[in-house]
Amino acid sequence: MDRETRVFAESHFRGLRGRLPSKVCPTPDRVDFIEKPDSFSYTDFFKSYLLPNVPCVFSSAFTEDWGSRKHWVTPSGKPDFDYLLQNYGDVVVPVANCGVQEYNSNPKEHMPLKDYISYWKEFIQRDYSSPRGCLYLKDWHLCRYSSAEGLFTLPVYFSSDWLNEYWDTLDVDDYRFIYMGPAGTWSPFHADIFRSFSWSVNICGRKKWFFFPPGQEEALRDCHGGLPYDVTAPEFLDSHLHPVLEVTQEAGEMVFVPSGWHHQVHNLVGRTLSPSTITGSMAVTWPTCGISCSRSCVPCSKKSASGGTPCQTGTTTARSS
Numbered sequence: 001m002d003r004e005t006r007v008f009a010e011s012h013f014r015g016l017r018g019r020l021p022s023k024v025c026p027t028p029d030r031v032d033f034i035e036k037p038d039s040f041s042y043t044d045f046f047k048s049y050l051l052p053n054v055p056c057v058f059s060s061a062f063t064e065d066w067g068s069r070k071h072w073v074t075p076s077g078k079p080d081f082d083y084l085l086q087n088y089g090d091v092v093v094p095v096a097n098c099g100v101q102e103y104n105s106n107p108k109e110h111m112p113l114k115d116y117i118s119y120w121k122e123f124i125q126r127d128y129s130s131p132r133g134c135l136y137l138k139d140w141h142l143c144r145y146s147s148a149e150g151l152f153t154l155p156v157y158f159s160s161d162w163l164n165e166y167w168d169t170l171d172v173d174d175y176r177f178i179y180m181g182p183a184g185t186w187s188p189f190h191a192d193i194f195r196s197f198s199w200s201v202n203i204c205g206r207k208k209w210f211f212f213p214p215g216q217e218e219a220l221r222d223c224h225g226g227l228p229y230d231v232t233a234p235e236f237l238d239s240h241l242h243p244v245l246e247v248t249q250e251a252g253e254m255v256f257v258p259s260g261w262h263h264q265v266h267n268l269v270g271r272t273l274s275p276s277t278i279t280g281s282m283a284v285t286w287p288t289c290g291i292s293c294s295r296s297c298v299p300c301s302k303k304s305a306s307g308g309t310p311c312q313t314g315t316t317t318a319r320s321s
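Numbered according to UniProt numbering, the sequence shown spans residues 1 to 321.
Watch out, some of these pointers could steer you wrong.
With a straight-line cut-off of 25 Å between C-alpha atoms, the simulated DSS-like cross-links for lysine-lysine are [claimed, not checked]:
| id | residue 1 | residue 2 |
| --- | --- | --- |
| 1 | K121 | K208 |
| 2 | K114 | K78 |
| 3 | K108 | K70 |
| 4 | K208 | K70 |
Label pairs and their computed distance ranges (CB to CB) [stated by the list, open to error]:
| id | residue 1 | residue 2 | range |
| --- | --- | --- | --- |
| 5 | Y229 | Y83 | 44 to 52 Å |
| 6 | D127 | E10 | 31 to 39 Å |
| 7 | E165 | E10 | 22 to 30 Å |
Derived by calculation from the structure, the hints in this document are not laboratory data. Ideal placement from N, C-alpha and C gives every residue a C-beta, glycine not left out.
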């Protein structure tokens with residue numbers, strides 16, 4: 001970490017006086033969209049998002065060189081089933097049934113990827129329905145069993161990854177995940193493991209995120225103290241009652257999920273693929289406990305995540321997923 005950023009961080013934590021960031025920093029009413037990689041440094045991210053503990057969305061320009069965006073996706077922007085079958089078809093993957101509630105999650109089974117892709121194709125042919133339910137490939141530890149070299153690059157903003165560095169040393173587990181699924185698949189309301197930070201890149205498709213700032217989940221508890229399974233009911237999405245932030249994540253975009261922010265995620269289009277370390281989409285999700293530092297540079301260029309123009313202050317808001 002450079003000296004300037006370290007001094008800033010020390011001053012920030014002294015100012016907290018033992019309080020949580022959510023008790024000091026105001027909750028944003030929008031999610032910023034970071035547009036240009038060459039004008040956004042680690043120091044910018046550290047000061048504006050990591051320390052205040054607020055989400056943001058990075059444009060697809062930050063992941064344009066990822067191999068997974070080139071090899072896993074067809075020229076028309078759909079998952080390349082042939083490539084996935086050729087390279088990973090016999091790999092056994094975890095699959096959740098989104099149509100069945102098991103406590104505040106979904107029951108899982110395991111199957112070869114080729115069987116899941118066969119189900120996926122059939123699900124689409126049957127107009128997005130199946131007697132087997134709505135199945136979602138989630139929490140696939142691709143990096144644990146095969147090389148991910150060339151598929152994706154760890155962004156500098158998340159390169160000091162204490163959580164995965166610890167598990168890599170033990171050679172037992174990791175928290176790097178791949179998600180794949182058709183439209184209608186989703187992840188129930190939750191906060192990330194160990195209250196870690198996380199980031200999620202959408203390889204193709206679109207995702208809808210619902211974010212609740214830390215502490216706001218307490219207002220959602222039922223008479224037994226339980227949190228809701230699904231927050232898309234009207235009583236939970238009333239912005240006058242609960243300060244929920246909504247984000248729509250497009251292909252190639254990267255979402256930063258701060259510590260303690262409960263969220264729920266839905267896949268909106270026919271196919272989604274997402275690698276995450278948190279889809280019809282494919283995504284990569286990656287929980288992390290720390291972030292590395294780079295030298296300070298020019299402030300970032302931002303626009304609305306919903307496609308709007310920059311606001312006069314230079315910080316723009318977004319409908320976040």
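Going down the list of hints, with the structure as the test:
no.: 1; hint: K121 to K208; in the structure: 22 Å, holds
no.: 2; hint: K114 to K78; in the structure: 17 Å, holds
no.: 3; hint: K108 to K70; in the structure: 30 Å, violated
no.: 4; hint: K208 to K70; in the structure: 23 Å, holds
no.: 5; hint: Y229 to Y83: 44 to 52 Å; in the structure: 35 Å, violated
no.: 6; hint: D127 to E10: 31 to 39 Å; in the structure: 58 Å, violated
no.: 7; hint: E165 to E10: 22 to 30 Å; in the structure: 23 Å, holds
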